[in-house]
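Residue numbers (the working numbering), protein chains in the order written: chain P, 1 to 341; chain X, 1 to 511; chain D, 1 to 335; chain A, 1 to 322; chain U, 1 to 305.
There could be a bad hint or two in this list.
What the hints assert, rightly or not - Taking lysine to any residue pairs in the SDA-like style, the calculated list, with each CA pair at most 25 Å apart, reads: (1) X:K244 x A:K124; (2) A:K7 x U:I138; (3) A:K124 x P:G19; (4) P:K130 x A:L150; (5) D:K269 x P:H247; (6) U:K76 x X:S305; (7) X:K170 x X:Q128; (8) D:K26 x P:L157; (9) U:K214 x D:Y102; (10) D:K59 x P:A186; (11) P:K131 x A:K226; (12) D:K110 x U:P223.
Keep in mind that the hints were calculated from the coordinates and are not lab data.
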Amino acid sequence: MKTLLQVKELAVSYFTYAGEVQAVRGVSFDVEKNQTVAIVGESGCGKTVTAKSIMGLIKKPGIVDENSQILFQGENLVRYTKKQWNNFCGKECGMIFQDALVSLNPTMKVGKQIIENLDNHEPSLSKEEKKARAVEILKLAGIADAEQCLEKYPHELSGGMRQRVMIGMALVTNPKLLIADEPTTALDVTIQAQIMELLKDLQNKLHMSIILITHDLGVVADIADFIVVMYAGKIVERGSCREIFYHASHPYTWALLKSVPRIDYNGQTLVTIEGSIPDMTNPPKGCAFCKRCPYAMHICKEHEPSKWDLGDGHEVSCWLMDERADREGVPFETGRRVGNE
Amino acid sequence: GGSSDSDGGSGGGSASTESTEAGAFTMAISYMPDSLQPDTASDDYTSMVRPIYDPLFLDTKDGIVYYLADSLEISDDGLTYKIHLNENANWSDGEPVTVQDILFSFDYAGLSSGGSSSYNTINGQPVQFNAVDDKTLEITLPEPYATYVTTLSNRVLIMPSHAFDNDPTKVDDSGYFNSTDMATSGAYTVSEINDDSIVYKARDDYYRGNPEVETIVLRNTGSGSSRQVAFENGEISYMRVTTKEELDKYSNSDEYNTYSITESRLNYLQVNPNGPNKSVLTDEGRQAIFLALNGQEIVDAAYGSDELATPANSLLTPDQVDYNPDCAGYTQDVEKAKELAESSGLSGTTLTYIYNADRANMEAVATVIQQQLAEIGVNLSIEGLDSTSFFQRFFALTYGSGQENTWDLGTNGWDSERGTSGGQAASYLKNSEAWGFSQETVDLAIQANATTDAEQSKTLWYQLQDQALGEYWEYPLTYTNYVMVSQKNVTGLDASPIVPEFADWLSIKVE
Amino acid sequence: MSDTIRKQAELEVKNLKKYYKIAKGKSLKAVDDVSFTIYQGETMGIVGESGCGKTTCGKTCIGILPKSGGEVYFRGKDVHAMSRKEKFIFTKDVQMIFQDPYASLDPHQKVYDIIAEGIQIHKLAKDKNEEQKRVFELLEMVGLTAEHASRNVHEFSGGQRQRIGIARALSVNPKFLFCDEPISALDVSIQAQIVNLLMKLQKEQGLTMLFIAHDLSVVKHISDKIGVMYLGKMVELSDSSQLYSNPLHPYTKALLTAVPIADPDISRKRQRIILEGDVPSPVNPPAGCRFSGRCKNCMEICKKEEPKMREVAEGHWTACHLYDSKNEEVYQHEV
Amino acid sequence: MWKYCLKKIVELAVVLLLISFFSFAVIYIAPGDVSSMYISQEMTEEQKAAVLEHLGMDKSMPEQYLGWLKQAIHGDFGISLANRTSVTPQILSRLPATLLLMGTALLLSIVLAIPLGLWSGYKKNSLVDNAISSLSYIGMSIPSFWLGMLLVIVFTAKLHLLPSSGMNTVGVNTPWDTFIHMIMPCITLSLGNLATFIRYIRSSTIGELGEEYVLTAQAKGTSGAKILFRHVLKNTLLPIITLIGMNLATLVCGSFIIESVFGWPGIGTFAMEAIGKRDYPIIMAYVMLSGFILVIGNFIADMLYAFADPRIKRGIDSANGR
Amino acid sequence: MEDKKIITEISFQRLEEKETEQVADYRHSIWKDIRKEVLSNKAALFSIIFLTVIIIAVLLAPLSPYDPYEIDISQKMQGMSAKHIFGTDDYGRDYLTRALYGGRVSLLVGFCSMFITVIIGTLIGVFSGYIGGKVDMILMRFTDIFLALPSMLLMIVLNAILQPGLVTLIFVLSLFSWAQVARITRAETMSVKERDYVIATKNLGAGSFRIAVKHIIPNILGPVVVAASLGVANAILMESSLSFLGLGVQIPVASWGSMLQSAQTHILDTPRLAILPGVLIMLTVLSFNLLGDVLRTAFEPKIVK
Ligand SMILES: Nc1ncnc2c1ncn2[C@@H]1O[C@H](COP(=O)(O)OP(=O)(O)OP(=O)(O)O)[C@@H](O)[C@H]1O
Ligand SMILES: Nc1ncnc2c1ncn2[C@@H]1O[C@H](COP(=O)(O)OP(=O)(O)OP(=O)(O)O)[C@@H](O)[C@H]1O
Ligand SMILES: [Mg+2]
Ligand SMILES: [Mg+2]
């Protein structure tokens, strides 16, 4: 079986006193072995919640819908007990977070925090073996003086180092899947480049799958195999890396691609997306992007678009795919795929 | 001992709540004394050191009771006092009690009050001492002074001079009176000084006989209601009762014995001649105040029972030989009081009233007086003060504290000192500056106090009692009783003529 | 250079230094010897990694922070030696837009009060009516409506808040605008709105701008001229097209290749220079060239001597020993 | 680190100095003084002056203060005016009882507060949490002397379970006996602190549980209990050290009232009497002692905290250039 | 498909105009937010109701048919009855009436000393924090000393030394509590004055006064309100302690604390006398504490996205 993880119709809601926040509304995607899947979308669209669901980290008042399925090597994680989760997290799947400083326990030495992962999952190892493993993984993560690093506290490390420690900590048990939630957002471009290189490198060496979460399409351009674009708790488009970058078919993806100035192009005016994301306590009836979409049609307001499969796993949810749609001025990259249904 | 409740339920707990060893007499004290030096400060303190230090003699209404001294002879002119000490009187370390000890104690008193004490000075003139022999002392006064008997009796407690090589300057800071080694002259010796208790043990070489009670425990019981709780819990042998509710409760119960002993104490209301409102506290003004008061009501409201206190009719107490039981006192006349208040300009003013909050029932008295004066349009701003601040204000002139103009009315009490002399009353009536009495009254008081003839003394004092009241400076409020309740197994508490000192420790028994 | 002579210098920064005292006898050299000139109507961008001193530099330039050395002239007047009155007028001419739209608006004020504050302080309106008119005008100018004026700031999203911040800055008709990473706290989809708005306003109002960002693509998009800072030093200064087409300093080169490009083909093919290690602490900067520790072309001299800023090509300045030979005269003179 | 220590010690000395000056000033200004205990109406002016001179009260306030200070530095707080013996030994002899009570109360409140606070925070908004929180709120709001009164009524007067007051039954000098006597004062004294600590630990636990590093630990498969004890506990409890230092004040002041309610033979009751008697040397000594306990408590807490929390320790070291 | 049918009926025309509504359609101020939060909290609701009731009751105390001071020996120590709901005290005065009058004193002391404390503390805190530098250092050392003083003890000493009474009580209580408030407000001021919006205002040419009044004070109001609420609680507790030691208001006026003191003598026979004022103190203090805590959470900065 090549597929490592299948997320099917994942729905997560937070029940706050302001009402039910439907953070994730039916998200489905697959992660193959050794593959890097990027989840892209702007703040609040449900990326982190999706990732947390896979790790069983959704806490009250959040509730994962019972009908959701998260199949890891065929096993449905949604039904897991606490104990099963504890065995799964760290062992099968590691996770790193955006801000490494707050994600590390400030009063515990880095080494102890790394070794804790081994304590949890490989208790049979001796102390020395565990330490050796920690040193080994830190070296792999690009920390030269790994031994000394083990004895340090998080605040004694620089931002890049911390993120390397986080990566080492997640990978020390050789998990099959690594979830990286915006691992470089807090870092500078040069450090970001280092970390992304490192992830690529480690993937080659350790043969794991990666789910990479980011809001910047540029970051994933050279690492992702497959890209999932989320908007307001839903997937609006997904497809292989090339498909998304070169044959994007959803107005939101276009905007994402065009709204950031590119260093290699000159003088284009930026495409803007007016407005802001909808209130998730009361998601719109039709397409969630409708209000901000320059090509919105009446139908978009009323009905959720269904999925159009454009082949090779490229799927789009947009009424523009319908052949009846008013496509005047729509900048499709290739007409071929439109209305392929 | 112990409470009559038996609570076998919880082993450890009940054991500790029981009173101490059987046969022990436990007294509650409200603070731990700094030392057991027989230097007197307060009534509480006096009762604490009483078991271990005997006075020379006590002056009571029924005559003189001898302790360390076995005779006192006063010459007819009232100038020469001859004291003879008991041949057997001895210290607990075996040394005899001698005249040297008396002189030493007087010297120390003089030293600590900056030279002149009431022992060695009378009206500014020195007193002569002459040690006739080891056991006989002759004292020569510069002028006749009846109160000197009292001075020598109740409150002078003799210290062992031999412990200080006869040098009174060594007493302070010697720590002698904080140790169990101190020599005592009373029926007991000090056996333990603990953090919150002191234990006395009976002497077997006491010159007056052997006490029944082997052990006396002084136990600090804290403030407020805790003494009552401790008593009911059987932790202490007796306690004073100050409210009618308590009195009723205990006298109706057959688990306790109650005793009522006259305290020979006068509680009175004083008008301050130097107060901030002295301009309206004219003869008429003071009269208005005194006529507005109702002594019986004060007793009823503040004490609730005649057993605790009775209205006073004179500035002397029934325990004093020269007390006039028929003295008229004051009678309430609200109408007249109102008129006088109006005419004197008193009505509508606010007077500052102070009382000693450390004394039982005084707050209640203040509350009632406040009410009664409100009737004639006089407001009282009442301040309850702790003893020290109270005395600094009330006796501002004596203390030189400069606070004489901080109060208008005040209630205080004095121990009349019983017996033959005018006692405290005399010293008040003699002081016109502090207490307002006229010169005639002052002269009369000096005259009365100098008289050694019983008949003449009575006449003068009867006259003085009426005359003083007629000047409207001091309102005699109450004669209080010291009401005690003890555990059932304790007897003999009332055998002592003076409270709360239990003068005769030999008569107390604990079964 | 006849072009630059005709242009009027709006802001002249000469050897600006700003040290923070962090402990007794210790200082953090946040900005060390930085010089540049911004001409009227021009936008200058400053890029650099976090903590390299961009904000400090900008704030010192507009007098919000006191300087530690050097000079800053705004229209010929020394910014740090103004009288109270001059300073007051200066605050009308020079305004700032902040990085964090959440922290830069007083949560207890209504939008109206925030925007009207500058007008009130500088008495730019004759009466309430005029003030109101002006506030509404400003709101419209930044893409909000008059109806928003009565609302509280916490009802607005980040992008809208940033617009309010811009309106506040514009309320006093400034001539110079210092934008401190005005978009880095915003969502990708919103950033473009703000960038477009700023560019539009600059054109309409003839503003001079100092624009700070750590995102090179944005800076390139918006600026005429770019300075690259590293650890408190300006390492390269040039107009933007030249900087991107022909970066000189090794750091600039690395920085440019590190910028992600949203195009897998280009991104995967291009040669990236991945820098080793992290930015050293500005408290104990390395001796010599501050970049020496991470530089692939590091030479002996780099560790000993601090390179001086020199003009390598016309209008293209850099501080790097690699280019010493091309400018032998200067180099020899210095040694 | 040592530099930091030293700096703190200097600060501490300054604070103590100022406390002493302040209290001296208050007492100096206060109406009514001790001389009245020594001066009587019968004395001549010279005698009065001699007494004043003997007491050192003829000098100006700064002179008196300096004199006092010089002695105080040598541990000599003068002579009690009431009983004319040295103040220092008197205070010292009562100190153990107070320290025993305060120490036990502090210990009791810490020992109880930690598990209760953690539990309550961990089970946020559950029944247990609500119960513990309500109790701690009541504990904070109840006047301690009143609680003491109620306890005495119930446990001594009605149930006859515990002794009403004092520290020992006379003649019984067993630890058990002292323990029995300590129960009520201890409960009363510790309740306020207990409540404060519980509430603090609770909210701190909730806060820490919401921290991202907890999520990281969970992502490593660490179980709930392990997270609580390995990660959260230390971070929650570190600030408690400072809190304890700060709350010493409550203890010192609380012991003052509680000691007199329960007749505990400590310095509280002693000082209370001294206040009644206007025995200023004792009051001064007590103020200084309390101030000293407070300041030292805070100092120790600061130090412990700085040593225990790696973040602060490093911050201090780097500020000192190490 | 059923889906298709509906679709065909609906126009695929572009939407002509976009709704410009960009702002969430709820309008509220922070204060309203806080009100909502406070009112939605059961504990806070209880506190507010209790405090309202007690304050109204205390204000309406003169409506009681009984005189709180009039002694009537015949009515001494009456038990609870319809006539005297909480019975009478040892002078025959209606106890409930006295408790209400006592509440006036306790609350007055609580509120007054809180006001003084908060005003002095805030002024010093804001001044010190805003000016900074040497002034700050000196003021804060001064504050530190007040914090390090054994305050309860000095309160007792001072109260005993000064003429006891309402004014003294308020003065003494305020004297030893302002430092706490000053500390809090200083810290808040320090943080607020470094915030971007203050820098922005400064950069608009605003003077210190304007900044302090328009920006700093409104923004530190939250902690100040919290401190005020806890301050009242603390003052009432302190007052009761001092009154219990006999250092409070003077007779015939009573506060809850001094009522407790008087009740002490009768505690074994008539515990009722000690229960009522004790419970009143406890509930009032509890309410202020609860309110303070709820306000604290309500004022906590919320992430608004
Ligand atoms: N604990 C929570 N309680 C209530 N709502 C929550 C909670 N966590 C997340 N949400 C809501 O769920 C939605 C999705 O949040 P999520 O954190 O997944 O966004 P994201 O895509 O990761 O955004 P970002 O880029 O800011 O990290 C948001 O609307 C958020 O408000
Ligand atoms: N008030 C201050 N006191 C001490 N050091 C400071 C202060 N402000 C900034 N610094 C330090 O000065 C250096 C430069 O800071 P600055 O904020 O100017 O950097 P920046 O380039 O704007 O970074 P960023 O991109 O993170 O905003 C940093 O090392 C920072 O830690
Ligand atoms: Mg996220
Ligand atoms: Mg910055």
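Review point. Quick one, are K59 (chain D) and A186 (chain P) close enough, alpha carbons at most 25 Å?
Key: OK: K59 (chain D) and A186 (chain P) at ~23 Å, within 25 Å.
Practice item. With a cut-off of 25 Å on the C-alpha distance, tell me whether K7 (chain A) and I138 (chain U) pass. Key: holds, 17 Å
_Need the status of pair K214 (chain U), Y102 (chain D): alpha-carbon distance at most 25 Å?_
holds, 18 Å
_Checking one constraint from the list: CA of K26 (chain D) to CA of L157 (chain P), max 25 Å. Satisfied?_
Between K26 (chain D) and L157 (chain P) the Cα gap is close to 21 Å, so the pair holds against 25 Å.
| message | Would the hint linking K76 (chain U) and S305 (chain X) be met if the CA-CA limit is 25 Å? | response | At roughly 13 Å apart (the allowed maximum being 25 Å), S305 (chain X) and K76 (chain U) satisfy the hint.
Exercise for the section: Take a quick look at whether K170 (chain X) and Q128 (chain X) sit within 25 Å of each other, Cα to Cα. Expected result: Measuring from Cα to Cα gives roughly 24 Å; hence the hint holds.
- Query: Does the structure keep K124 (chain A) and G19 (chain P) at a Cα separation of 25 Å or less?
  - Reply: Judged against 25 Å, a Cα distance of about 21 Å means the pair holds.
TODO: Decide if the proposed pair is consistent with the structure: K130 (chain P) and L150 (chain A), CA atoms, cutoff 25 Å inclusive.
DONE: Violated, because 58 Å separates the two Cα atoms, which is more than 25 Å.
Against the 25 Å threshold, does the CA-CA distance of K269 (chain D) and H247 (chain P) hold or violate the hint?
Roughly 19 Å separates the two Cα atoms, so the pair holds.
* Asked: Are the Cα positions of K131 (chain P) and K226 (chain A) separated by 25 Å at most?
  -> Distance ~20 Å between K131 (chain P) and K226 (chain A) Cα, so the pair holds.
Worksheet item: Does K244 (chain X) pair with K124 (chain A) here, judged by a C-alpha cut-off of 25 Å?
Response: violated, 53 Å
query = Can the restraint linking K110 (chain D) and P223 (chain U) be considered satisfied, given a maximum Cα separation of 25 Å?
reply = Holds. K110 (chain D) to P223 (chain U) sits at ~21 Å (cutoff 25 Å).
In this structure, the earlier hints numbered 1 and 4 are contradicted, and the remaining ones agree with it.
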